[in-house]
Each structure stands twice: as C-alpha cells, then as structure tokens.
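Student: Based on the hints, put chain B with the ligands in the right spot on chain A.
Protein sequence lines, in the order shown, are assigned to chains A and B. For the first sequence, the tail end lands on 327 under the numbering used here, and the numbers increase by one without skipping. For the second sequence, the tail end lands on 336 under the numbering used here, and the numbers increase by one without skipping.
Please keep in mind that the hints were generated in silico from the structure rather than gathered at the bench. One or more hints might be untrue.
[To be verified] With beta-carbon atoms standing in for the labels, derived distance ranges:
{"#": "1", "chain 1": "B", "residue 1": "ALA281", "chain 2": "A", "residue 2": "PRO143", "range": "48 to 56 angstroms"}
{"#": "2", "chain 1": "A", "residue 1": "ALA251", "chain 2": "B", "residue 2": "ALA309", "range": "52 to 60 angstroms"}
{"#": "3", "chain 1": "A", "residue 1": "ARG125", "chain 2": "B", "residue 2": "PRO332", "range": "47 to 55 angstroms"}
{"#": "4", "chain 1": "B", "residue 1": "PRO332", "chain 2": "A", "residue 2": "GLU184", "range": "33 to 41 angstroms"}
{"#": "5", "chain 1": "B", "residue 1": "HIS45", "chain 2": "A", "residue 2": "SER186", "range": "48 to 56 angstroms"}
{"#": "6", "chain 1": "B", "residue 1": "ASP68", "chain 2": "A", "residue 2": "PRO189", "range": "32 to 40 angstroms"}
{"#": "7", "chain 1": "A", "residue 1": "VAL286", "chain 2": "B", "residue 2": "SER333", "range": "20 to 28 angstroms"}
{"#": "8", "chain 1": "A", "residue 1": "ALA227", "chain 2": "B", "residue 2": "GLY46", "range": "55 to 63 angstroms"}
{"#": "9", "chain 1": "A", "residue 1": "GLY51", "chain 2": "B", "residue 2": "SER298", "range": "37 to 45 angstroms"}
{"#": "10", "chain 1": "B", "residue 1": "ASP68", "chain 2": "A", "residue 2": "PRO59", "range": "27 to 35 angstroms"}
{"#": "11", "chain 1": "B", "residue 1": "PRO319", "chain 2": "A", "residue 2": "ASP21", "range": "31 to 39 angstroms"}
C-beta atoms are modelled at their ideal positions from N, C-alpha and C, and glycine is treated no differently.
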Amino acid sequence: MPEMIYADAVREGLAEEMRRDKLVWALGEDLSTAHTSTSANQYKDLIEEFGPRRIVNAPISESTIMGAGVGAAVAGTRPIADLRSIDFAMCAIDELVNQAAKIRYMFGGQARVPLVARMAIGTRRGAAAQHSQSYESWFVHIPGLIVVTPSTPADGKGLLKSAIRCDDPVVFMEHKELWGAKGEVSADPEHLVPLGKARIARVGKDLTIVAWSRMVVLACKAAEELATAGIDAEVIDLRTLWPWDQEAVFASVRKTRRLLVPQEAVLAGGFAGEVAATVAEALGDVLKTSVRRLGAPRMPVPYAPPLEDEYRITDRQIVATARSMCR
Amino acid sequence: MPPAATAGTERSNQTERIFGMFKTMLLIRAFDEAAHQMLVEGLVHGSVHQSIGQEAIAVAVCGNMRRDDLIQSNHRGHAHAIAKGANPTAMMKELFGRVGGTNGGKGGSMHIADFSVGMLGANGILADGMSLAAGAAQAVTLKGEDKVVGVFVGDGSTNRGPFYESLNWAKVFHLPLLVVCEDNGYASTTATSSVTSGGGPAVRAASFDIPVVSVDGNDLRAVDAAAAELIERIRNGGGPQFLHAATYRLTGHVSKDQGMYRPAGEFEQRWDHEPVRRCEAWLAEQGVSPGDIEAAHSAAQAAIATSVAEAKLAPFPAPSLAYADVQDVGGPSCPK
Ligand SMILES: Cc1ncc(C[n+]2csc(CCOP(=O)(O)OP(=O)(O)O)c2C)c(N)n1
Ligand SMILES: [Mg+2]
Numbered sequence: 001m002p003e004m005i006y007a008d009a010v011r012e013g014l015a016e017e018m019r020r021d022k023l024v025w026a027l028g029e030d031l032s033t034a035h036t037s038t039s040a041n042q043y044k045d046l047i048e049e050f051g052p053r054r055i056v057n058a059p060i061s062e063s064t065i066m067g068a069g070v071g072a073a074v075a076g077t078r079p080i081a082d083l084r085s086i087d088f089a090m091c092a093i094d095e096l097v098n099q100a101a102k103i104r105y106m107f108g109g110q111a112r113v114p115l116v117a118r119m120a121i122g123t124r125r126g127a128a129a130q131h132s133q134s135y136e137s138w139f140v141h142i143p144g145l146i147v148v149t150p151s152t153p154a155d156g157k158g159l160l161k162s163a164i165r166c167d168d169p170v171v172f173m174e175h176k177e178l179w180g181a182k183g184e185v186s187a188d189p190e191h192l193v194p195l196g197k198a199r200i201a202r203v204g205k206d207l208t209i210v211a212w213s214r215m216v217v218l219a220c221k222a223a224e225e226l227a228t229a230g231i232d233a234e235v236i237d238l239r240t241l242w243p244w245d246q247e248a249v250f251a252s253v254r255k256t257r258r259l260l261v262p263q264e265a266v267l268a269g270g271f272a273g274e275v276a277a278t279v280a281e282a283l284g285d286v287l288k289t290s291v292r293r294l295g296a297p298r299m300p301v302p303y304a305p306p307l308e309d310e311y312r313i314t315d316r317q318i319v320a321t322a323r324s325m326c327r
Numbered sequence: 001m002p003p004a005a006t007a008g009t010e011r012s013n014q015t016e017r018i019f020g021m022f023k024t025m026l027l028i029r030a031f032d033e034a035a036h037q038m039l040v041e042g043l044v045h046g047s048v049h050q051s052i053g054q055e056a057i058a059v060a061v062c063g064n065m066r067r068d069d070l071i072q073s074n075h076r077g078h079a080h081a082i083a084k085g086a087n088p089t090a091m092m093k094e095l096f097g098r099v100g101g102t103n104g105g106k107g108g109s110m111h112i113a114d115f116s117v118g119m120l121g122a123n124g125i126l127a128d129g130m131s132l133a134a135g136a137a138q139a140v141t142l143k144g145e146d147k148v149v150g151v152f153v154g155d156g157s158t159n160r161g162p163f164y165e166s167l168n169w170a171k172v173f174h175l176p177l178l179v180v181c182e183d184n185g186y187a188s189t190t191a192t193s194s195v196t197s198g199g200g201p202a203v204r205a206a207s208f209d210i211p212v213v214s215v216d217g218n219d220l221r222a223v224d225a226a227a228a229e230l231i232e233r234i235r236n237g238g239g240p241q242f243l244h245a246a247t248y249r250l251t252g253h254v255s256k257d258q259g260m261y262r263p264a265g266e267f268e269q270r271w272d273h274e275p276v277r278r279c280e281a282w283l284a285e286q287g288v289s290p291g292d293i294e295a296a297h298s299a300a301q302a303a304i305a306t307s308v309a310e311a312k313l314a315p316f317p318a319p320s321l322a323y324a325d326v327q328d329v330g331g332p333s334c335p336k
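So here's chain A without its partners, still in its complex pose (with noise of 0.2 angstroms):
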C-alpha cells in the first residue's frame, strides 16, 4: 500500500467520489485558490480537474457556506461544506444545528440531508485561543448529526468517503497537527472505513486506553513506553465519536478491568466523560479501579509555547496516569 500524509489521502478521498457521483461538490472559502502558505493543500489541484462549479471557492460567508450547503443537499446533491476549523464554523452552527441536524426529522423523512460539515479541530503550535479549539463534544450532543474524528491517514481517506456516501449529515474533523502525518494508505476507491466501527491501534491486556484523532498518536507513544515499564495497554481509536463502538470498548475493558480517557479538549463536558460514565454504569463491577480521565484545563488555548503547554495533555500525563491506576 502506499505511504501518504493525511492531507493527501483525505484530498484523494475526495477526488475519488467526486469523480464516482458528479454530484458531490465541495464549497468553502479559498477552496481553489489556497496553497501550501494557508491551508494544508486539502483541495490542490482539484479545481483543474473538477472546474468551479464543483469546487465552488465561497466568500466569507460561513452561515450561507452551511446553510446553501444543506439547501444543496435537500435538493439532491451531496456538497462538503467546508468551514475551514470548528473556530470559523461557529458562525455558522445554527445551520448546522437547527436546520442539518432537524430537516430529516421535523418534516417527517420527507427530505434528507446528505451533507458533510467538514472543520478541523485541535491545537497548532502559536495558533492561541481562536484557530485551537477542540469541541467534537458538541456536535455528540445533537441528535441527527454523525461525528467522525480520524486519527491516521488511512481512516482519514476511508471516513471520508463514507461520510460522504451517508444520507445524514456527517460533522467531519480533521486535527491539523495531523495533517501532515504519514501513513499507508488503501488505493482501492471502494475501500471506504464503516462510520461508528473502532479501530484496535494497540493490543494490550493491562489498561484500555480510549482515544480519538490526535489524542490517539500520543496513546500509542504512552503506550510503547508503559511496555518498558512492564505495563501492557491497549489503544482503541474511536473513529467515530457518533455512533461510538461501545461494543469495542466494553470487550476491552471486560479484558483489561482499567480505562483511561484521555482527551484534548477540555475536560469539562467533554466525551471523554461519555464513555467514562457508560462503561461506569455498564461494567462497574469489573473494573479493579475507577475510570481515569484526563483532559484541557478549563482555560482558552494560550499563545506562548510554556503557557500552551499548560493547556496540552502529553503523552507522559497519559503515562503517569497508567501507571498509577496499575499500581
């Protein structure tokens, strides 16, 4: 298989279904004309072969980005609305929430939507409190909307076009300090990733660490250095934080009897709190102790490298935690 980096596997992701069904189409700002110096070349080259109509380069106009996009859906295509990172898509979260999320719903299955909001998430050093924020967690809260968060490449391609292929509306968050990460990469157009399935990124039998996008890099680092220590984890990448394979994390907790959820966002109202308090209630009786979380303090993201650093979990908070619940 081959070896890319995420943006290119998610842009190839995207060329593939463009080319299979003319009517998916992608909207948002600078989507022709933005290279390597403002965005993560997601797009490149894509308007040559698919022309302005399709790659369609919006104004600065996020509520009309989302809100001409779900119209396009309820008419019949299938747009990405891309809103550039969840800072920007606040402007237009009333699309997303009120109209996206309700149509199929409200007007009773009459009419679906097909759309994929698609805004990245997450810390980029210097990028401080308006261009870092990580709030997946919202968008689990609404009812209608699907949430995929890819950690590698290879799901970052794959999840995409099945968000794309899905008939509901499909919140997809790319993490930018992924963007340029490496790995192999399926060159089968019809390999597409199964929304709400989660992948095994490590197989441990000592600790179940559960993770989604970012957060799953540092896991398997924590990981391979609790091996040193004697302390065998395994790392369940989420994927897809709506549906979530609960089935996934139950079967390894049952193993393991720990969890550890360590997440970027805050820690507060974050979904790492989700699945702490499901796995709580589902199997309480055979954890040996209490669910771990660890998660942003409840800060905006600072600007100075020290003072960000208060704000990022590392992987070795992920390990001192491990091993004081293996203790």
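Tutor: For chain B with the ligands alone, coordinates are given in the frame of chain A:
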C-alpha cells in the same frame, strides 16, 4: 366599461385565472381561521402563525410556478404550502399532530412541509430559508435543471446577517432564485421601521445589483403580473430577482396575539385594503356573478370543514415513531 354580468357570458382567460387564485386565497383564509379555532379548542398545539391579509402574495407567486419548482418558506408557512399545492387535509392533520399529517406529526404548524409539491418546509429560524434556498438553487444549477427556487422572507428577518450573505451569494453565483419579501410592517410586536435603517429591504437588495420590483402585495393582480415577469426572467437565465410586496397582517403575530402594540385605528383601517375583498370587487367588475363568488366562499369553507373533520378522526402516531427518522447510523432505539 366592464362586461355585463349575464349568465352564460364567457369570462376572459385573465378573469378565470384571477378567479382561480381568488379561490386559493379563500382556502388559505378558511384554513388559517380554522387553525386558530382548533388551537382555541385545544386540538392544535403550540402556536399558529396566520397569513390573514397576506394571502395574495403566496398565491400569486406560487401560481406562477411549476409544480416541480421549489419554494422555501418561513415561520408563517400555511399560505405558502396551500398555494404551492399541498393538501389542506394533510396539513390540518399535521397541525393536529395526527397520522396522515404532511410531516407525520413530527413538525406541526411551524414546520409544515410538502416535498411532493416542491414546498421545502416552513422554518422556525428567521432568514435561514435564504441560505437554504440559495443552496437549493445551486443544486438546481449543478444538476442542469430549469427549476426556479422561491424563498419567502419577512421584513423583520431582513435585519439578520444570512439575508445579506445569501443575496450576495445568489448574485455572485447567478442562481435561479426569487426572493419574496412579505413586508407587513411588523416583526412580531415591533414596528420594523423602528429598528431598520435606510430605505428598507428593496433598497438593500438593489445594492447587490439584484433587480427589484416593489408591488402592492394586497393587489392580487399586481403581484401576479410582477411574479410572472420575475419568474420568467429567472427561467430565462436572468439570475436572482427580488420581489418586495407591501402587505399587512390582519391578525396577531401568532393567532392568540391581540396586537395591542398597534396604533389605534390602524387595524380597522387596514381591513379596507385586504386582498380578498379587493379581488372580489374586481371580479364583480369583470362580470363574475355574486352567486359564483358566494359559491367560492362556501366551497372553501366546506373544504376546510372537511379537513378539520378528517383531522379529528385521525389517530395520533404510535409513540415508537418518535424514534424514527433521526439518523440511519446511530439513531435512537425504541425501548421494549
Ligand atoms: C433567528 C430567530 N430570531 C427570532 C425568532 C422569533 N421570531 C419569530 S417570528 C419573529 C418576527 C418575524 O418578523 P418578520 O420577519 O417581519 O415576519 P412576520 O412574522 O411579520 O411574517 C420573531 C422575532 C425566530 N423565530 N428566529
Ligand atoms: Mg413582518
């Protein structure tokens, strides 16, 4: 000189056309009156936004559209739905929250929708319809169809950002979109002029280089003529057009609202300009007999009475249906 009103006289095509639209106005008015009555009786739930006094706009705009053209409505959507051809009985069942309702009882008055006639839904979030309609128009373009998309927006809603984003968008992408501003002077309990700067919706739309036609929205024939021209322009590739229709709502913002915020006398005075009576007078001048007009009124009343009777008999949906149509992957499961 109007032709004499003798029985057996051939009425002109234009008279027949307006008489047909007049009947649709009567149906809308009867529907909205009954909807309020049923709310009072506790059979309709939540609140009801009526279009009494504003019927001419919906009827004339939709009357110039094809069945496969699309309209995007707002919170005041009954008139738009009926004018586009939705079945009033299915709509009344929806207001009752019963089986057979247009939305299967999931939406009610404020989300009334009938996709089978291109009515893409009433919507509870003001001005959002603008961007949804722009997107639908973009889809029409992408698919190479010759459909026109219409969107209804209230005067008050034109102070929201999406209105401007979408006008710009529609112009930049040259979309087949007709924006219809139903300007009834009020946004809920606030006189829109008291919170709106400049020359209002028409001037604002014109600043995007979108052609604007302003019309007396209570004059059915005037709206008909304007809508016909604008829709033809759009169908011929002319890009977005804007219809500004001045009107007045003769009831409250919601049906139970007494309208205490209106200046004394305004309400009574406006009744003299409402579209049904004005149209009736014109039809009489064209030779439509009082008997035919009376029969049209009776037919509308009878049709809506039947809708209400059928809605009363329809059962509520099974509770398990609350779990349906959330999403295919990850939807809720019904307990037991
Ligand atoms: C975004 C949003 N803000 C506020 C409301 C509450 N609201 C419902 S209707 C209305 C007034 C709308 O006035 P206008 O646009 O003129 O339409 P009209 O009711 O006169 O038909 C308000 C404020 C809402 N539904 N959505
Ligand atoms: Mg108004």
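Student: Each hint should be assessed against the structure and marked as holding or not.
Tutor: Here is how each hint holds up against the structure:
1. The hint said 48 to 56 angstroms for the Cβ distance between ALA281/B and PRO143/A, and at roughly 51 angstroms that hint holds.
2. The hinted range of 52 to 60 angstroms is satisfied by ALA251/A and ALA309/B, whose Cβ atoms lie roughly 57 angstroms apart.
3. For ARG125/A and PRO332/B, the Cβ-Cβ distance of about 40 angstroms falls outside the hinted range of 47 to 55 angstroms, so the restraint is violated.
4. Roughly 37 angstroms separates the CB atoms of PRO332/B and GLU184/A, a value that falls within the hinted 33 to 41 angstroms.
5. Between HIS45/B and SER186/A the C-beta distance comes to about 52 angstroms, which sits within the given range of 48 to 56 angstroms.
6. Separated by about 34 angstroms at the C-beta atoms, ASP68/B and PRO189/A satisfy the suggested range of 32 to 40 angstroms.
7. VAL286/A and SER333/B have their C-beta atoms about 24 angstroms apart, which keeps the hinted 20 to 28 angstroms range intact.
8. Between ALA227/A and GLY46/B the beta carbon distance is about 59 angstroms. The supplied range of 55 to 63 angstroms therefore holds.
9. Judged by the Cβ atoms, the range 37 to 45 angstroms given for GLY51/A and SER298/B is violated: they are separated by roughly 57 angstroms.
10. Taking the beta carbon of each, ASP68/B and PRO59/A are about 29 angstroms apart, inside 27 to 35 angstroms as hinted.
11. Distance hint for PRO319/B and ASP21/A: a CB-CB separation of about 38 angstroms, consistent with the stated range 31 to 39 angstroms.
Hint compliance for this structure: hints 3 and 9 are not met, and every other hint is.
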